[in-house]
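The hints should help you fit chain B onto chain A, whose structure is shown.
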Amino acid sequence: MEKLVPYLSYPFVQYALVVGVLIALCSALLGVTLVLRRMSFLGDGLSHAAFGAMSLAAVLNLTDDMLLVLPLTVLCAIVLLCGGEKWNLQGDAAIAMVSVSSLAIGYLLMNLFSSSVNLSGDVCTTLFGSTSILTLRTSEVWLCVGLSAAVVALFVLCYHKIFAVTFDETFAQATGMKVKVYRMVLAVVIGVVIVLAMNLVGSLLISALIVFPALSAMRVMRSFRGVVIGAAVLSVVCALAGILISVVVGTPVGSTVVVANLAVFALMSVVGGVKG
Amino acid sequence: MALLQCENVALGYQKTVLVEGLNLEVHRGDYLCVIGDNGVGKSTFVRTLLGLQPALAGRITLGEGLRPQDLGYLPQQTVVQRDFPATVEEIVRSGCVSRMGWRPTLSKAERARVGENLERMGVAHLSKRSYRTLSGGQQQRVRLARALCAADTLLLLDEPVAGLDPEGTAEMYQIIDRLNHEDGMTILMVSHDLEGVRAYATHILRMGREPRFYAVEPRKEGDV
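Just so you know, the protein sequences line up as chains A and B, in that order.
Sequential numbering of the first sequence, starting at 85, is according to the working numbering.
Sequential numbering of the second sequence, starting at 123, is according to the working numbering.
Be a bit skeptical, because a hint or two may be false.
[Unchecked claim] Dumping the calculated BS3-like pairs for lysine-lysine here, alpha-carbon to alpha-carbon at most 25 Å:
(1) B:K250 x B:K230
(2) B:K250 x A:K359
(3) B:K230 x A:K264
No wet-lab data here; the hints were simulated from the structure.
Okay, chain B solo, but in the shape it has when bound:
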């Protein structure tokens, strides 16, 4: 069974339809990239999957007992966050809030999970540092660690390399690739960086009024 299935889905806001007839299936371990011009509904697609807004028509089904709140989400950085006074650890911890329910403090298991994901993203040594003093790439890794605290299976990344320098971009792609290959996480990434899309995606969704979804031919040895 597919991890995520969209059947004849229409996306948009109350009066504006952005996307119609969206059909796709995402399976465990896929690396799906969503591309398209600004304003065609890429972020709307992500927001709809997360249950932040309803689909206008059609059906979205999550498989393997996933609920919308089990999806890991890396939103784009907001203005507020850039100079937010918080330590790296505090931010990663906030990925656990939904697990906590009404409990006011983190459990032992949740603390361990926070530590694990700090290690995994290579930011453990920064855990007491202030978020606003980090580089763009480090900030992005911190926010990814937070998303990983909330999810194990499927990650939704909204333009994860936007605004990063070349070094940060390469690093980010490596990290996502590792999550995909070594940890078996399914990746759904909105991106403008076609080079990165070409290098890593197993499936591509070209978003538009009439979206196109297709699998990428497996890369042959020696291809760049």
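For reference, chain A alone in the conformation it holds in the complex:
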């Protein structure tokens, strides 16, 4: 604890905590509906798409790579979520396809065109997000705050609709809900959250942020509201713990956060088992 206090006065640690908590909150909210709709791997596929986009941005020497990465990832999300029927692609196969091709293209681009001396270091940073959360600029923090506020507001305002569509899309559509619009909105939000989350844990580990909080909460909660709130709380706690531990002990942020999530999942499984 004594070791921790001086760290908290550094702005870069404060930024990391703020951004980490917000990302954890958003990804947990999204995770609940994705996990329950059996689309857990969408996050994984999209994060690889974002990796491809990032490599492209690096090769093109863009000063602000968000301008390219964000739209490309959102586009992939829309294709994966809304295009299934149109192009006759099965969900999981389409995700696998997008995921591996963007990884391959991304690495290929970096290899062919990168001017960096430490190529494997760059790739490793993007995949595991080793330091980017600790080197945030103020503008990135504000972007993250704004987008997270939008995601949370959307969830609060459309809570009942999100529940209806998650539980039974056909019924929701039959009662006159515009399910396609909802899917489009969901796709955009997922794309945005994935890109934000790459800062925290890097692209290989994003799925953990999406899947673990929802699964942990589902072990102990019996209502949808309980699962949503539980997932949000657990996710925030894990992100805080993970970042603080990694700052003090010097472990990589992303993997520490994910291991914290795993530990909480194990704990909740035990609690759920005892509760019956």
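Frame of chain A, contents of chain B only:
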């Protein structure tokens, strides 16, 4: 005027025509059962009535100012739902989403409606229980209560007794019969259970390439 009228309707998907020349009239208080083998277009018929997919030809008219979204719908249970973490009350509430429009919370009237339908289906005492811990029959009643939150006039039931044990089946039929007789709701039910069809239907639609629609002779006293 009929509540639902189909004139020369053809059903199917873009390239496959499943059903042609479908003509029928459903009036208030009717109990129509749709029977036929798997894959002949029974569920397609229901989906078309709900406006989830277009009819390939012909005309479907709803009477009494009904819109497709005013029809109550009990779809078949999906894999996702069987172990879904939600309370009974949350699920029944989701029947109100279309009434809510852009409002983020339920109005007082909608809450009352939810309570009423929980009572009506005999699941009010389960309202805080988790859906995944209920029996098949109870789950079906919960989903029916949700459909009733969305509709007052016409119910479309897609194989409501599939997968239920004999007790649950009998109970489900009683509930539907009560909705039909006491509450005056019109029932349109897809079913494989011919015994139930024989016992309750006033009209039968035998679905196939060339569908047949006919009224059932009223049962005489003493008939089983």
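Status of the hints after comparison with the structure:
Distance check on the hinted pair: K250 of chain B and K230 of chain B sit about 19 Å apart at the alpha-carbon level, within 25 Å; holds. With a CA separation close to 17 Å, the supplied pair K250 of chain B and K359 of chain A stays within the 25 Å bound. This hinted pair does not check out: K230 of chain B and K264 of chain A have alpha carbons roughly 29 Å apart, beyond 25 Å.
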